[in-house]
Amino acid sequence: MTEPILQVSDLHVTFRARGGVAARAVDGVNLELGKGEIVALVGESGCGKTTLARSMLGLVEPNQGVVSYAGTPLRYATRSLKQHRKHVQLVLQDPMGSLNPRLTVYESVAEGPRTHGMDDEVGRVKRALAQAGLRPPEKFFLRYPHQLSGGQRQRVVIAGALALEPDVLVADEPVSSLDASVRGEILALLLKLREELGLTVLVVTHDLGLAWNIADRIVVMYLGRVVEQGTTEQVLTSPQHPYTQALLSVVPEIKQLEPIVLTGEPPDPTRIPSACRFHPRCQTLASGLADDAGVGEKCRTQDLPVLPPHIEEHRCACWWAAAREAAAQQA
Amino acid sequence: MTLLEIRNLSLTYRTKQAQIPAVRGVSLQVAAGETLGLAGESGCGKSTLASTVLRLYPKSATVTGEVLLDGVDTLTMSWGQLRAVRWRSASVVFQGAMHSLDPLQKIGKQLAEPIMTHFSTYTTSSARKRVRDLLAQVNLPEGIADSYPHQLSGGQKQRVMIALALACDPRLIVADEPTTALDVMVQAQVLDLLSSIVRERGLGLMIISHDLSVLAEQADRVAVMYAGTIVEEGPGSEVFRNPNHPYTRALAGAFPTIGDLESRYAPSGLDGDPPDPAELPDGCAFHPRCPDALPTCTEQTPALLEVGPHRRAACLLLDHAGTATRGMP
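Chains as they are written, first to last, in the working numbering: chain G, 1 to 331; chain P, 1 to 329.
With the rest of the complex left out, here is chain G (with noise of 0.2 Å):
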């Protein structure tokens, strides 16, 4: 494997709700970013992964544990934080909302390097632009947002960040708002970025299918813990967690899996349930095949180790998948 280009080490991010209850938004993560890696970090809206996303960009200032960028840990005065963004660019899920109406094409992708003190700004506009699939970039530069298409617009985003020429890109739900047509070329987008530029890039999605399309890795987020990471193809192909089981089930293209609807509201940070914190929704504990498997009475009573950031092996905290490893083993 390359050498870790971001790492996070026993992070926690924890926000005061309405009426001072915890929220424990980020609850023990460890993820390393390989350098040219594309890892996709899935999980449902509250597991915690725009949260672990923002501070792994600087954005939100863990209570505890590190960021790492090239072995270095950050440290959150204004000026090493500035210095952390132009490594580390971000890439937001709605374009019309993130760019400024009333930019130019040029003025917009302009502002990162302006802020930078960087020289030679229209070489880099234009530059920027062109890696972005946008050419003749002089053509798009006196451009606004509403002149451009949707597919446009997420590549003028992606200018924007490309033009601080970063290491490393954090996409937050990348195409979620485009149409299915635009999508693929904007994931062909990143992908080809990777190839040329060498770029590492984490996606932030619930979207199982782009996962598929474009990363190596997939490190799957449950309530601000990693319940699975490994492989794309072993995630995918082969899920170990019940909660990844059921998340790809429900994937409208895999007809031969059983559908398994997870009921019971989405998961609530701020009340993070004891023991596994997935036990009150599991299928396979409701099932009773974890109880069949003699785990049963520790996915109720027992909390999971935070799994460690291992890159290449394929991992995930789940008692019934421990036990069931282990029988395969001993078999």
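Treat the hints with care, since some could be wrong.
Stretch by stretch, here's where chain G covers chain P in the computed footprint (C-beta under 8 Å, at least three residues) [unchecked claim]:
#1 183-193
#2 209-218
#3 251-259
#4 264-273
Here chain P is said to cover these stretches of chain G; the calculated rule only asks that three of the stretch's residues, wherever they fall, bring their Cβ under 8 Å from a Cβ of chain P [said to hold, decoys possible]:
#5 141-153
#6 179-185
#7 197-209
#8 212-224
#9 236-247
Hint data in this document are derived by calculation from the structure and do not stem from the laboratory.
Ideal Cβ positions, reconstructed from N, Cα and C, are used throughout, including at glycine.
For this one, chain G is given, so just place chain P on it according to the hints.
Only chain P this time, still in chain G's reference frame:
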């Protein structure tokens, strides 16, 4: 009699600068107990089409054709009749409708409003009982009636919208992107709910989405729209799995099958952008983006023709190539 029959419908928006033909000659049917899926990109006219069912488009628009709801044309009925039909015969849940819940009113009150308006027989207390039943039907706890919208999650709000659509026992529901902003798991819950309601009550459902894979699973029949016209129609899963029209093929390809090695590291899409409805290209509106366009496609407009059992498509390639090459890669 078919529950909803749209015949040769066209709608043109008028602005100061231009005439914008948003829907161009669409014919569709929805029978009771049937789910029709309508797929297409932003700007293809699918939401405009939904608005015609209950005559919800702006007055300035020019409309031709017929929209027969239980055999009566909603385009020509009197305002009094139309008011009676809205909510009671058919209800429309628009895209992002969950954001249109009044933030200052409790859910129960908002659900009771159409019931009190349309049925003079209801009293405040019997309407309250009806609201409880409605919430139970969409698997929400009774207590939700006393909540405000901001206290609900996205999936709960979407279920409230479905309850609202069911409030006056309509026979047809039109749902525009009912699950687009929702998570996969919540999306599965909402879709399950919709299909069980359709099954149990014999309702007609028209469900509009840009996600062909959702429709393939949910709908008995799917119609694909491009630039205001239907370009392909057929049974849901067949249209998705074995598309005839090049546009449908691109849409279907945008959602990869997990485990399919061909789509690994190979996201597929469609180059170019949908045409500006005010300046449609000549001939087939899809030809500038079509990977298989013939020279004649720039001149000739293809008609929606039978291309197999229960399947129709509008593409010159299919007319030219005949049966032998239908469904080619």
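Quick rundown of the hints versus the structure:
no.: 1; hint: 183-193; in the structure: holds (count 8)
no.: 2; hint: 209-218; in the structure: holds (count 7)
no.: 3; hint: 251-259; in the structure: holds (count 8)
no.: 4; hint: 264-273; in the structure: holds (count 9)
no.: 5; hint: 141-153; in the structure: holds (count 4)
no.: 6; hint: 179-185; in the structure: holds (count 7)
no.: 7; hint: 197-209; in the structure: holds (count 4)
no.: 8; hint: 212-224; in the structure: holds (count 3)
no.: 9; hint: 236-247; in the structure: holds (count 4)
Hint compliance for this structure: every hint is met.
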